[in-house]
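Based on the hints, put chain G in the right spot on chain V.
There are 2 protein chains.
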Amino acid sequence: MAASQTIAKTVYAGAFVHSISLTELEICENGAIGVDEAGVIQFIERNGSEEWKEKEGWQSAKVVRLDGKGFFFPGFIDTHTHAPQHPNTGLFGKTTLLDWLSTYTFPLEASLSSLPKAHRIYTNFVSRTLSNGTTTCAYYATRHVPATNLLSSICLARGQRALVGRVCMDSLSPEYYRDASIDSAVADSRACVEYTRSIDPTGAIVRPIITPRFAPSCTAPCLAALGALARETHSYIQTHVSENTSEIQLVAQLFPESKSYTDVYDTANLLTEKTILAHAIHLSKQERDTIRARGAKISHCPASNTALTSGCCRVRQLLDEGLTVGLGTDVSGGFSPSILEQVRQAIWTSRFVAMGDPSAGAADGKAKLSTAEALFLATRGGAQVVGLADSVGGFEVGKEWDAQMVTLGEGVADGAGEGQVDVDAFEVGGTSTALLESTNVDVFGWESSEELVEKWVYSGDDRNCAAVWVRGRLVHKRNDVVL
Amino acid sequence: MAASQTIAKTVYAGAFVHSISLTELEICENGAIGVDEAGVIQFIERNGSEEWKEKEGWQSAKVVRLDGKGFFFPGFIDTHTHAPQHPNTGLFGKTTLLDWLSTYTFPLEASLSSLPKAHRIYTNFVSRTLSNGTTTCAYYATRHVPATNLLSSICLARGQRALVGRVCMDSLSPEYYRDASIDSAVADSRACVEYTRSIDPTGAIVRPIITPRFAPSCTAPCLAALGALARETHSYIQTHVSENTSEIQLVAQLFPESKSYTDVYDTANLLTEKTILAHAIHLSKQERDTIRARGAKISHCPASNTALTSGCCRVRQLLDEGLTVGLGTDVSGGFSPSILEQVRQAIWTSRFVAMGDPSAGAADGKAKLSTAEALFLATRGGAQVVGLADSVGGFEVGKEWDAQMVTLGEGVADGAGEGQVDVDAFEVGGTSTALLESTNVDVFGWESSEELVEKWVYSGDDRNCAAVWVRGRLVHKRNDVVL
Numbered sequence: 005m006a007a008s009q010t011i012a013k014t015v016y017a018g019a020f021v022h023s024i025s026l027t028e029l030e031i032c033e034n035g036a037i038g039v040d041e042a043g044v045i046q047f048i049e050r051n052g053s054e055e056w057k058e059k060e061g062w063q064s065a066k067v068v069r070l071d072g073k074g075f076f077f078p079g080f081i082d083t084h085t086h087a088p089q090h091p092n093t094g095l096f097g098k099t100t101l102l103d104w105l106s107t108y109t110f111p112l113e114a115s116l117s118s119l120p121k122a123h124r125i126y127t128n129f130v131s132r133t134l135s136n137g138t139t140t141c142a143y144y145a146t147r148h149v150p151a152t153n154l155l156s157s158i159c160l161a162r163g164q165r166a167l168v169g170r171v172c173m174d175s176l177s178p179e180y181y182r183d184a185s186i187d188s189a190v191a192d193s194r195a196c197v198e199y200t201r202s203i204d205p206t207g208a209i210v211r212p213i214i215t216p217r218f219a220p221s222c223t224a225p226c227l228a229a230l231g232a233l234a235r236e237t238h239s240y241i242q243t244h245v246s247e248n249t250s251e252i253q254l255v256a257q258l259f260p261e262s263k264s265y266t267d268v269y270d271t272a273n274l275l276t277e278k279t280i281l282a283h284a285i286h287l288s289k290q291e292r293d294t295i296r297a298r299g300a301k302i303s304h305c306p307a308s309n310t311a312l313t314s315g316c317c318r319v320r321q322l323l324d325e326g327l328t329v330g331l332g333t334d335v336s337g338g339f340s341p342s343i344l345e346q347v348r349q350a351i352w353t354s355r356f357v358a359m360g361d362p363s364a365g366a367a368d369g370k371a372k373l374s375t376a377e378a379l380f381l382a383t384r385g386g387a388q389v390v391g392l393a394d395s396v397g398g399f400e401v402g403k404e405w406d407a408q409m410v411t412l413g414e415g416v417a418d419g420a421g422e423g424q425v426d427v428d429a430f431e432v433g434g435t436s437t438a439l440l441e442s443t444n445v446d447v448f449g450w451e452s453s454e455e456l457v458e459k460w461v462y463s464g465d466d467r468n469c470a471a472v473w474v475r476g477r478l479v480h481k482r483n484d485v486v487l
Numbered sequence: 005m006a007a008s009q010t011i012a013k014t015v016y017a018g019a020f021v022h023s024i025s026l027t028e029l030e031i032c033e034n035g036a037i038g039v040d041e042a043g044v045i046q047f048i049e050r051n052g053s054e055e056w057k058e059k060e061g062w063q064s065a066k067v068v069r070l071d072g073k074g075f076f077f078p079g080f081i082d083t084h085t086h087a088p089q090h091p092n093t094g095l096f097g098k099t100t101l102l103d104w105l106s107t108y109t110f111p112l113e114a115s116l117s118s119l120p121k122a123h124r125i126y127t128n129f130v131s132r133t134l135s136n137g138t139t140t141c142a143y144y145a146t147r148h149v150p151a152t153n154l155l156s157s158i159c160l161a162r163g164q165r166a167l168v169g170r171v172c173m174d175s176l177s178p179e180y181y182r183d184a185s186i187d188s189a190v191a192d193s194r195a196c197v198e199y200t201r202s203i204d205p206t207g208a209i210v211r212p213i214i215t216p217r218f219a220p221s222c223t224a225p226c227l228a229a230l231g232a233l234a235r236e237t238h239s240y241i242q243t244h245v246s247e248n249t250s251e252i253q254l255v256a257q258l259f260p261e262s263k264s265y266t267d268v269y270d271t272a273n274l275l276t277e278k279t280i281l282a283h284a285i286h287l288s289k290q291e292r293d294t295i296r297a298r299g300a301k302i303s304h305c306p307a308s309n310t311a312l313t314s315g316c317c318r319v320r321q322l323l324d325e326g327l328t329v330g331l332g333t334d335v336s337g338g339f340s341p342s343i344l345e346q347v348r349q350a351i352w353t354s355r356f357v358a359m360g361d362p363s364a365g366a367a368d369g370k371a372k373l374s375t376a377e378a379l380f381l382a383t384r385g386g387a388q389v390v391g392l393a394d395s396v397g398g399f400e401v402g403k404e405w406d407a408q409m410v411t412l413g414e415g416v417a418d419g420a421g422e423g424q425v426d427v428d429a430f431e432v433g434g435t436s437t438a439l440l441e442s443t444n445v446d447v448f449g450w451e452s453s454e455e456l457v458e459k460w461v462y463s464g465d466d467r468n469c470a471a472v473w474v475r476g477r478l479v480h481k482r483n484d485v486v487l
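Quick mapping for you: the protein sequence lines, in order, are chains V and G.
Mind the numbering: the first sequence is residues 5 to 487 in my numbering, read in order.
Mind the numbering: the second sequence is residues 5 to 487 in my numbering, read in order.
Calculated directly from the structure, the hints in this document are not laboratory data.
Hints may contain errors.
Claimed, not checked - Simulated pairs of lysine-lysine, DSS-like, Cα-Cα distance not exceeding 27 Å:
#, chain 1, residue 1, chain 2, residue 2
1, V, 370, G, 98
2, G, 59, G, 98
3, V, 372, G, 121
4, V, 66, V, 13
5, V, 57, V, 13
6, G, 370, V, 98
7, V, 372, V, 289
8, V, 98, G, 481
9, V, 481, V, 66
10, V, 481, V, 13
11, G, 289, G, 370
12, G, 289, G, 372
13, V, 372, G, 372
14, G, 121, G, 481
15, V, 59, V, 13
The following block holds chain V by itself, in its conformation from the complex (with noise of 0.2 Å):
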């Protein structure tokens, strides 16, 4: 249906939440916002005016109104994650990023040379981050074309904006699970590159990316050579940089003549204003003013990075520096495909960074990232690393509408008013299962509206997420929800 779902004129009326810089959210508890049949804004309405009720050749537009507690907010969107590695999500035990790789991803990633199975796998993993209103995502794939681009097949009909890129890796992988030559690695890129352009030849939902999965599985002429690749067609680069300090110091081993992980890009011409890096934990000054200077962008996945013991990224000092940077899932790194959950995770590591030593205690410092901060980075900030900051990513006329509908439940009933407790009775009052079973929030109907968004973000999860649209066609709905 999502592909070719014909869209009618529509207006969202209610609240609305949106970033309108990376300190501040707008609450705008009455609004309209009216999109139209290609799925663009035309209009946004504030203090229940409705004027638009007008407007000429609105007055018969469908309305989607949002009664209750909730507001629409922005898709969010993954700015870095592994589809195929989504069967191991939870699954890493003690390990770190190198032996996680041999132990957990490697042998599950070669696995998807299966058609069928990538076809589970994927669409599973693809209705979880619909389903958690993830809009559009960067996805990792794995080396075989036909599964790579069966993922991008896959977000096309779900109608999921997506990055899809077949990985490269050409050396230090296991012999059941590289590339043969570099020669191969590039046709196989290309190929995916072309297909995924003949599905979707405007780009509008599925874009290719180039994957060099990471500097240690990778030669340099390989990396040089996907770096002539993507410039030559033009395409999304992606890869991973200082997630680990065993890593780094793997890199430094691979590649004596660079000055450092970062430059082992550079010097491949991987450093594009269209490339994402993922992690970027633990960059010297210099190769954060390399990437700045390039204008690559910087995918923040903080989930990942604790589990997999990685470090905490300084993400303040990487806004302060002027680096734009975006969250990622990285599953199966990270042990969940929800961006909310990244949000939290994100606000934790830059708590822990403000903690400094463990033991120091609260030090009240910069390095906090606020709420609002947070989702910034899950809008905002993600649109602009992968590209769609003009059309994506906040609520604004002649932006398309990439939108989630966040319902939080009915609030907890009132109960015995007199506070009188009826012992014999199962349920003494208050809560009832239903409502239990349908959110994770307690809203008892005194809260502001922005305490109704903190509610959501530290207890909210994908009960939440009622429905989800891109560019304006429904991509996801909760069983429950009538539009």
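Chain G alone, transformed into the frame defined by chain V:
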């Protein structure tokens, strides 16, 4: 129903998982646990032997069979939380402990002078903790005798084991929310002890706990009077210690004659084998030695400590030194009523301790808690902390059936077996919305039992908690579950 419910002799058949030591989980894939009419485990069979079917008196027992993916697991034990603060769950902004108390906490707690409001909040919170698998909970209530007694009544009615404490605070608290005198603080606390013992004389479900808020909000004579009351009434004691560096400085100013924060409590005879100390982040070696010598216990509250930037508790060090540690949600300093979330947060905190300087990266240090260790803290460790190690926390003959039934959903469907994608279908094979909504855990069918436990720990939530029993009584179940 819970309190008056008659228990049938019941055999719980299916997989079960529990801690058998700090580092080791037992995973029994085909077990049978027989629970008698008193809620006591009479036998445990492994390997699907079904010898119990020949056992006299058990042939006609009720059978609760766990089909599909899942397992019985001990009920969680929350060793520290604040029931009246639940409406503030998720609200903390960038505050740290002392400004958080005055901004968010005191005004809300004071408002529970209204018994209907207390009823609404407490019934909701007990519902929430039960639905998250918490079978025992150490609650702070408020200063108010009627509301505190109401919480005891609700726990008894719902069948949740609880320690319920009236909060004492005669100093440095706002005028609108403090004890008028030491005499009234003691008299009110005594009234709550007596009430709780009147409704549950054996203390099988609800027990009183003497609760000086924390040293900064109590005078030394008040602390001493509460120590005496605890001794006289053979009560448990709970308080906070060494949560935040500013708090520690404040204690040093307020109690200049004391050797340390811990010494303030020791001087007041508040450190006993029945004492629960929440947080315990920044303790000196001498303080830890004192706590161990007195046999007092520690409640580790990782979510709260991170949210309020209090610091990273070095749990490995506490365990290595022989201290007893459980987990606490510490709502609403903590942002979740779920002990499963605390299991994850304890693991993240241990990783930050392992990483040391956040920029220094992965030292695969011994500070890291394993999944098994964190689950131990959530069950056996918690049972030791609340004085129930002989009766709950694991599955053995003679222990009581405090348990949760964990279910992991139907598993991800095979989808289009040939890898064909129907581009025009809204559901492109893969995962149904119903399955997505029913669980956050994706099971593919090839996982080992150990991996299923890991997936539950890192992706699970209350949706996976199908049913909960305390002393053999059903105290919560999901609406879709038929037992």
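Hints, one by one, checked against the model:
1. Of the supplied pair hints, the one linking residue 370 of chain V and residue 98 of chain G holds, its CA atoms being roughly 10 Å apart against a limit of 27 Å.
2. Between residue 59 of chain G and residue 98 of chain G, the direct Cα distance comes to roughly 60 Å. Violation of the 27 Å bound is thereby established for this hinted pair.
3. For the hint linking residue 372 of chain V to residue 121 of chain G, the alpha-carbon distance of about 34 Å lies beyond 27 Å, and the restraint is violated.
4. A hinted pair counts as satisfied when its Cα atoms are at most 27 Å apart, and residue 66 of chain V with residue 13 of chain V qualifies at roughly 6 Å.
5. Distance restraint check for residue 57 of chain V and residue 13 of chain V: the Cα-Cα separation of roughly 13 Å lies within the 27 Å cut-off, and the hinted pair is therefore satisfied.
6. The hinted pair formed by residue 370 of chain G and residue 98 of chain V meets the criterion: a straight-line CA distance of about 10 Å does not exceed 27 Å.
7. With a C-alpha separation of about 21 Å, the suggested pair residue 372 of chain V and residue 289 of chain V falls inside the 27 Å cut-off, and the hint holds.
8. With a CA separation close to 34 Å, the supplied pair residue 98 of chain V and residue 481 of chain G exceeds the 27 Å bound.
9. Distance check on the hinted pair: residue 481 of chain V and residue 66 of chain V sit about 17 Å apart at the alpha-carbon level, within 27 Å; holds.
10. About 19 Å separates the Cα atoms of residue 481 of chain V and residue 13 of chain V, which keeps this hinted pair within 27 Å; it holds.
11. Pair hint residue 289 of chain G plus residue 370 of chain G holds up; C-alpha atoms about 19 Å apart against a cutoff of 27 Å.
12. For a cut-off of 27 Å, the pair hint linking residue 289 of chain G to residue 372 of chain G stands: about 21 Å separates their Cα positions.
13. Restraint check: the Cα-Cα separation between residue 372 of chain V and residue 372 of chain G comes to about 24 Å, which is no more than 27 Å; the hinted pair holds.
14. A distance of roughly 26 Å separates the Cα atoms of residue 121 of chain G and residue 481 of chain G; the hinted pair therefore holds under the 27 Å criterion.
15. About 13 Å separates the Cα atoms of residue 59 of chain V and residue 13 of chain V, which keeps this hinted pair within 27 Å; it holds.
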